[in-house]
Every structure is written in structure tokens, then in C-alpha cells.
Amino acid sequence: MSLVEVTDLTVEFGSLRAVDGLSFRLARGEALALVGESGSGKSTVAGALLGLHRGTGARVGGSVRVAGTDVRQASDEELRRLRGAEAAMVFQDPLSSLDPYYAIGDQIAEVHRVHTRVSRRAARARAVEVLDRVGIPDAVRRSRSRPHEFSGGMRQRALIAMALACEPDLLIADEPTTALDVTVQAQILDLLHTLREETGMGLLLVTHDVGVAAESVDEVLVMRHGRAVEHGPVGTVLASPGQAYTRELLDAVPRVDAPRAAARASEDVVLEATGLHREFGRGKSAFRAVDDVSLTVHRGETLGVVGESGSGKTTLGRMLVGLLEPTAGGIRYAGRPHTGVDPAVQMVFQDPVSSLNPRRSVGESIADPLRARGERDERRIRGRVSELLERVGLEAAHYDRYPHEFSGGQRQRVGIARALAAEPRVIVLDEPVSALDVTTQAQVVALLGELQRELGLALVFIAHDLAVVRQVSDRVAVMRRGRIVESGPVDEVYDAPREPYTKQLLAAVPALDPQLAARRRAARRELAAA
Amino acid sequence: MSGFGGFVLRRTVGALVTLLAISVIIYVVFYVTPGNVAQISCGPRCSPAQVHQVAQQLHLDDPLYQRYWHFLEGLFAGQDYSTGTSVAHCPAPCLGLSYQSDRQVTDIILTKLPVSLSLVSGAMVIWLVLGVGTGVLSAWRRGRFTERALTAVTLAGTATPVFVIGLVLMIVVCGELRLLPFPQYVKFTDDPEQWAWNLLLPWLSLALIEAAAFARLTRAAMLETLAEDHVRTFRAYGVSERSVVGRHALRGALAPVIALNANNFGGAVGGAVLTETLFGLPGIGQELVHAVKVVDLPVVVGMVLVIGFFVVIANAVADVLYAVADRRVVLA
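Protein sequence lines correspond, in order, to chains D and P.
For the first sequence, the residue numbers in this note's numbering are 1 to 530.
For the second sequence, the residue numbers in this note's numbering are 1 to 332.
Looking at chain P on its own, in the form it has when it is part of the complex:
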């Protein structure tokens, strides 16, 4: 197990280094842009005095590495901001201030993040169950009607935009059949049951499309493992088909599924803009689009960092899961 522990440690250090590199790149890309960064951050309606204050808060007169250092310091130790009349404290993971909304970026993100995580984690469960299930089934029933039907459905699934599925679901389920109220975000901590009911449609519309991709990937991987020699061995020993497919073939096929899931989960945290907009969910994606539109620089930087964080973490977790599934990974 020392090999395994070492592997987890190496992977964690790797993830941290990646995150640090991402923060450098993001900082440079957004804060070393041509033009007056203070003016841009502050927004178009700022007075010269306000712009000057922002420039001071962003330490724009300091050399680049010092400015980046301040930024990092804010992330790990928090920062104090002088607002001219008083001093505001921005606690530990401080991503700066949104000058346009006069709020701390961390607060903005913290209010939006639970919404996005609720949406994506629920959808993930559905897309995994549905996608992997469909993929296994169509690989197992290869060449029969079931497979052809499933292939057609998944192809249609990948080709349908989320706003079409979402709209249709809403019109049918909420409008015509009146099975559910039109979705509206309820906090999990307020009422878990209402939380789930309200998120059901967003989950489905996000998951159905993702599930199609997972089904196709799982099917291809399953076809490969089903053709492997060790699967033949267990068939030749009278092991039931269910066990051959579920235990031996599926396990081998899971590696690419884990990898795709890591990417899609990380990406969807900040990227499910369409679903969020369609169902009026105040999540990260929507906020990011808004911040980009009004060029709220600190918010954009903070959001991009958080999204990067989720992608990196999801991939690190995927690598560890890989190693749990297949110990040979540890050796490589």
C-alpha cells in the first residue's frame, strides 16, 4: 500500500502545482492586459478618484510579481481593503472585490456555487446511471434490435441542444401534464424534498445529453473488453453472463468513463450556462456570463479560478479512482 499512498501523494502535489500554474496564467492574462486595468475593473461609471483608489487596492504601481504575490496572499491569508472611509476585511480565500457590485468576489461565488453543484452532482448521477447502463446494454445486445434502437436514441441525444430538451420537458411536464411546478431554486438546507423536485427537470435535461456521450463511450469500451481473452476464460468456465458482463467486462471498460466524467463534471460546474439560464437557476455559469458581459474583471478572474479548481480536482480524483480500479496504474 505504500506504493498506493505514494501515488496519491504524487497526484495531489501534481494537482496543486497545476492549480498554481493556472492562477499565474489567469492573473497574467487578465491583469496584464493592455489598457487601464483599474478603469476596466471599476467599471465605466467610476470617477477618476475611484479609479485611483482601485489602482491602489490592486497595487498597480508595484512590479508584476509583487502584485501576483498580493493576489496569492489574499487567497491564503485574506486581505484588508481601504474603501476610503473605512477598512473592509476580506477573509481567507479572498478573490478580491467586485467594484461594480461592491461585493466580495468570494461571497458572490459562495452564493452561486451551491446552485451549480446541486445541478451538476444530481445530473451526474443520472447521466452515469443512464449512460453507462445504456452503453453496457447496447454492447451486450450487439447486432440485435435493442442495440440499434439504443444507438439511434443516443445519436439523437448527442445531436439535441439542451435548450430544446429542457423546453420540451418544461412544456410537457409542467405546462401540459402539470406533474411538476415550473422549477425554481430551493436551497437544500431549507427543504431537501422541494430542492430535489425543483431540480428534477434541470437534472434530466442536462443529464440526457451527457448520458448520450457516456453511452457511446461505454459501448465502445465494453465491446473492446468483451472481446478480451479473460472474458472468454470466464465464459468457458460457466460463469453466468451477468457476472461476465457486470464484473469482468464492465470493470475494464470503466477507465475511459471515469476520465470523461472527471472532465464533464469539472466543466459543467461553470459551463452549464444554458441549463441554468433556461431554468432560472442562479448558478456559476450564469454569473460568469453576466460578469463577462459587464467586464467585472475580479469576478471573472475569481470564477475562472474556481472552475479551474473543479476541473483539476475532478481529474485528480479520477486518477486516484483509476488506480483503485487498476493497481497497475500505480506502477506506471
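Here chain D stands alone, though its shape is the one from the complex:
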């Protein structure tokens, strides 16, 4: 009997059909990835396996059997026995998925005691044991910490430890690495792989990242609009996809090993930063976010700035546009010193939802830079905004719509239009595509390239995603702890990295080829053992 048997599953929220006639099986010890873009229903399926939709008003049809339990028919009591003991879920965003008020060890012990008749003390010991197993150093002491005292990677490990506490047969991991840096992501994926080898449990991985799937599973099920598009062994599906949508999805994934099309060299320096420093806080608690960074940006080129969280890349970007004063060092724009905000240097922000005012129409938001420059003629403003909207692939009629009426990709286009309104020479883009699905991401990246060619814009592209940065940049700077550790033409840095840190970063990027992924995993293991 299979560990998981899903037959003709449908889940409806009101009139929205999130999952539509999905069937699949998963045997003990096997690993299956549900891959899809946002809204494809993949997380809904994961929730349905544990009956998490019970009592929420969602209508569930079809049959779901997990470890012999019919999830739809089971009593509340049976369902509670299934949850955690037979099938455990590892959630996304480990900060909010743990209770902020209790020590991590206590939370794991609580879950353990729900399913096992043991003393408080024994449960606590089990919590320390599993924390140690997932690689939390000094587990006895750290088990008394609260979630905010852990780093993102450690919190994710703690959630995996919680899942392990009752030795489940099935691990359901919902985007377990989405919030993490690449090097940490590689560690977590390796950990999941090792645990699976050791315990023989089944793994259902939910992810939007094809690379993460290629690293971790045997089979992959591609979902779109709640339906299965393609299902098969991971090597086959990724190497020779049978469906058009799968191909489209794979084509959109930026490759870290794809060379960049010929870089356009220009000697014209538009933006130059020398010896930039930025500190936050004072005295003992002072923190140096950016530490002696110098860079130049030429006309018409893209400078990629890549680094993990906390490397200072956002602080650097904000200083380049003048939103933040450097503690020391200077910025020159077109040869003259540049202080404060200048219309010629614009910024596009990461989160297109929160960087647009929800109470104002997008047209008004785009018109802001025009009005700031003193334009008062409403007809001219409207004309120019309509032009900009069309320029970024939206419609002039969208002027009066509000941000919530747009998709993530469209909102990011609005953000770009707003930056363009000031007729800048340089645009600093801070993680402009990291909140977007891969297909949307590819469209926005293409739009940026097009705008750059037509308008001769210089772009500073800040991102944590090494593959995207390679795809768009002519030159790249790798940041770590506030410093640029390596910089140069993009192909040189990616193909022949000099710094160990750059090598480490590149080695952590998930490969799309499962065999390559396995080889690299082995290499990482050796590296860790050495």
C-alpha cells in the first residue's frame, strides 16, 4: 500500500477551485515534488494531506489516504493522531511558524508529548536529541532559546527537528528553503536528503523552484491552475519535458552557468562611488553595514550586486540613490558630487505591493516624479503617464486602477514606470524580481533589457539570486559583510571565481540536472568533512 494515495482531489474556496481533480501516489521512502507557480494550488494539496482545510469552509472532494488513514472521513481524534506522528509538515517562513513566546525545545517537546506517552523530562531530552540531529550546535543550551534568537537557517532546522520528533513516515515540506540564502538552502536540502536516507521516510516537497526540486526528489509533478500538467521521474521531466507549460517554465528559469550575451563596453562613467561606509547605531552596538565600497557604473551597462542577506547590498543601493547618507565616502554622478536625491538616479524596490500606495491609483503614483519636477498641466501629465504605462507593457487605461487590481509582475512594471518618469540615467533595482514567479520574472528581466537598450540606461541590479544576476549583468560585484569581495566582468567571476566565498556561493546554487546535483551534493559533503 502506498504511503500517500490522492485520488481525484478537488479543493474549493468559495467559487475558486484551487485544486482540480489531482491524483498521485507516493510510496514509503520515495520523494515527490509538487512544482508550480503561485496560485497553482500546490500548498493547498499539502494542507489537504493533513486535513488542514477542515473547519475553514473549504470544500474538499475526492479521496486522500495518508498512512492508511482516510483523511476526509477520519474523526478529529484520528486526524490529530495522523498529524505529526504519521505525517509531519515543515512550513515556510520559519520565523512566523514557531511560537515567539516559548523556547524552541519546549515547543518540540510539546508536540512530542501529544503523540507519545512520555514524561516532560523525556520529551525535553528528545527535543534536544532532534535539534542535535538537524545540526543545531550546542543543542542543550540552544533548545532554551526563543525563535527570535535563532538565524533563519537555524529556525528552519528547528522546524525540521519538530517534524522529526515523532519519527513520521511522511515529511511534507512546504517551500522549506524559500526564505533562506543559497548557501543555507543547500545545507537544508542536504539535511533533508540525509534524513531521508537514514530514516526511509517519504518526502513530499512543495516548491516553486525547479532547481530545489531537482536537488531533492525522485519524481516531480508540475501543477498549474490546480491541475497536474506533467508527472514523471525528475530527470525525464526536466531533461525532456513533454508539455508546453513545463518547457515554458524551464525556459524561464535563469541558469547560473549560461554565458551572458556580449557585454557592451562604454567608457562613459555615470555613477561613481568611492570609499562608501555606512554605520547603524552608536557606540558598542554600532554595526557597519557597508564597509569601504567603491564602484563605477558606465553608461548603458548593468552592474550586478550579489550577496546573501545582511551583506549590505540594500544599504549600498539606498546610498547610491541618495535615500541614505553615507557615514563616509562620496558618490559622483556624471562627474559631479551627488548628495541627496537626484531625479537622474532612480530606484525600483523589491516589494511592489508595499512600495506602491494602496490608496492611490497607479497613474497618480507614476505621476509623482513629474509633479515633483514642477509639472502642473494635468493633460500633459496624463499623456506622459499613459506613454510610460504603455512603455512598460501595461495599458494607458490602467491609469485609474489601484495597485490591488494588478498581479505582482504588473505592479513591478508600475514601479519601473514610476522610476522612468523622472527620465533617469541610472536606475538602482533592489531585488526587483525576487517576489515574482519565474515566468513573470523572465518577462520583467526582458523588459529591463529592452529599456536599457532603447534609453541607454545604466542599471545597478541588486539581488541574492546568482542566476538572475548572471542573466542580466555585464559586470558583477559580490558582497559579503559590507565589503565587495570580488568584482569583474560577469563571465569571468562566474566561470573562474577567485575568491573562496564566490566559489562557495556558486556551489550552493541548485542545479537543474539531478545527476549533477547529486555530484555536487557529494562534493559539498566532502568539503564539509574536510
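None of these hints come from the bench; they were simulated from the model.
Glycine is no exception: its CB is placed at the ideal position from the N, C-alpha and C atoms.
Be a bit skeptical, because a hint or two may be false.
As the list claims (entries may be wrong) - To spell it out: a stretch of chain P is covered by chain D in this simulated footprint if at least three of its residues, at any positions, have a beta carbon under 8 Å from a beta carbon of chain D; those stretches are:
no. : region
1   : 171-181
2   : 233-246
3   : 314-327
Chain P: place on chain D using the hints.
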């Protein structure tokens, strides 16, 4: 724990500074008013000689900062007053003399304070249990009949004045059913049982209205925490609903409840005038109203200071409780 100890220390110093600032403001507001302060303090029936004596006792000829200094000195070290024929001593927390009743303000307050504290602390227990309980229940039973019924009751509760509830309770419980005698204040130290029985109705009438506010606040906070990801985590691990709601969701929802409770407790010590009057409890609120009516300035100043003291202390305690509940507060 050094971080926690430091936090408590900082918060205590903050409370002291606030109290000092309050005393300055109150002193200035009441003693630097236009008109003859000595005449006002002494009351309308004072002779010019008496007014002169009061002016001397209040050091009205000295510059303002010296007068305030005397006032502070009285608070911390006590003061001697010459009454013309003899010298009366007013010990350490000396808030001055009530010239109209010829009593020391501290004594007046000390006789009234136990009554007010009895009323408010008992009522607080009831409003917390009732309010938080109702709030948790209605958040948990969201959308069902229980919730709608509770929402209606709490809305009615917030809309009903205390004298209506109090009167109805008295008429029904004491008058019709004769379950309790009409309330009459008995000192706790004299007879704890009678103390509680007599205070039961005042407690209920004060608490029922406050409980409604707590229920609404708790419900809103609970709905928020119940929707949080970590609550989903524990549900997905088969943790019982009782534990999810009682342990994980409630703890997150307590912060605003603690804050509201601090304010309401502090405020009710001096502000439960209606309840005190209705049940004939000789508490701070009643005395304050009386003192205001007859313009007994030293009493008003003393009372306002004491009420301010309770509000500040209640809030400081609330902040520390906050930090105990959520250690991240210490870092902020």
C-alpha cells in the same frame, strides 16, 4: 537575565521621573492659579487672620521653586505646621492640611484608599476572568451562535451605564430576592467574609461593564493570533485545540489586555465615583468629588497625586509583565 534586570530598572526610573513630572504639573496647575490661593484653600468662612496663617504655612511669599521644594520635602520628610497655638507634625508622605476639615490630607486619603482598592481589585479579578473568558470563547466560536450571542451581550454591556446595572442588581438581589443585605462597607481587617459579601454587588456592577470592553479587545486580539502561522503549525502537529487556543493563541493576545488593564485599574482607583456613590462606599472617588465641590485645594491636589501614582505604577507593572510574557520587548 541582566538584560531583563536592566529593563526593570529602566522602567522603574522612568516611572519615578513620570511621577515627579506629574507632581510639578499638579502643583503648578493648582497653586499658581489666579486668585488668592490661601483664601481658596482655607475656605469661604475663614477670617483674614486664618487666611494669613494659611498663606504662611503654604509659604506663599517664597518664590515658586522654593514653595514646590517645601511641598516635595513634606512628601519625603514630613513637615511641621504651626496652628497658631501649637505645632502639629505631619509625618513622611505629607500632602498638607485640609484647612476646611482640619485634618491631614494623608489621613483622609488613608481612610478612603482601602475602600477604593477593595472595590477595584475585587472587580478587576471579575472583569479579567469574565472579559478574557468571553473574548476567548467568542473568538474560538467565531461565526457560530455562541459568538453572536456573546457579541450582543458585550455590546449591551458597554452601552449600559454603571448606575443602571448597579440599581437593577440591588433591587433584584437585595430587594426582591433578599439574597444579600444592602451593601455597606465592612473593613477587611474586621471581617473578611462580610467584607466580600458586602462588596459582591459593587464588584459585579463595576466589573460587568469593564468586562465587556475586555471581551471585545480579547476577541479581536485572539482572532489575530489564531490566524498566525505558528498556531497553524501546532494544529498541523495534532496539538489539541484547547492547547492551541489556551497556550499558544491566548499568550499572544494578552499584550493589549495587560495594557488596557493597567489603565483601567489605575483609573478606577480614583474614578469609580458612580459605583462608590451608588453603593455608599466611602472611597477615593467620592471624596474627590466632595473636595472639588467645596474647593478643598490641598485634598484635591493630594488625591490627584495619589490617583496619578496608581496609574503610573499600574502601567509600569504592565510593562514589566509584557516583558515577562514576551522577552523581545526587553530588546526593543
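The hints, checked one at a time:
1. Check on the region 171-181 of chain P: 0 of its residues sit with their Cβ under 8 Å from a Cβ of chain D, so the three-residue criterion for coverage is violated.
2. With a cut-off of 8 Å between beta carbons, the region 233-246 of chain P has 9 residues touching chain D; three or more are needed, and the interface restraint holds.
3. Counting residues of the region 314-327 of chain P whose C-beta sits closer than 8 Å to any C-beta of chain D gives 3, which meets the bar of three, so the coverage hint holds.
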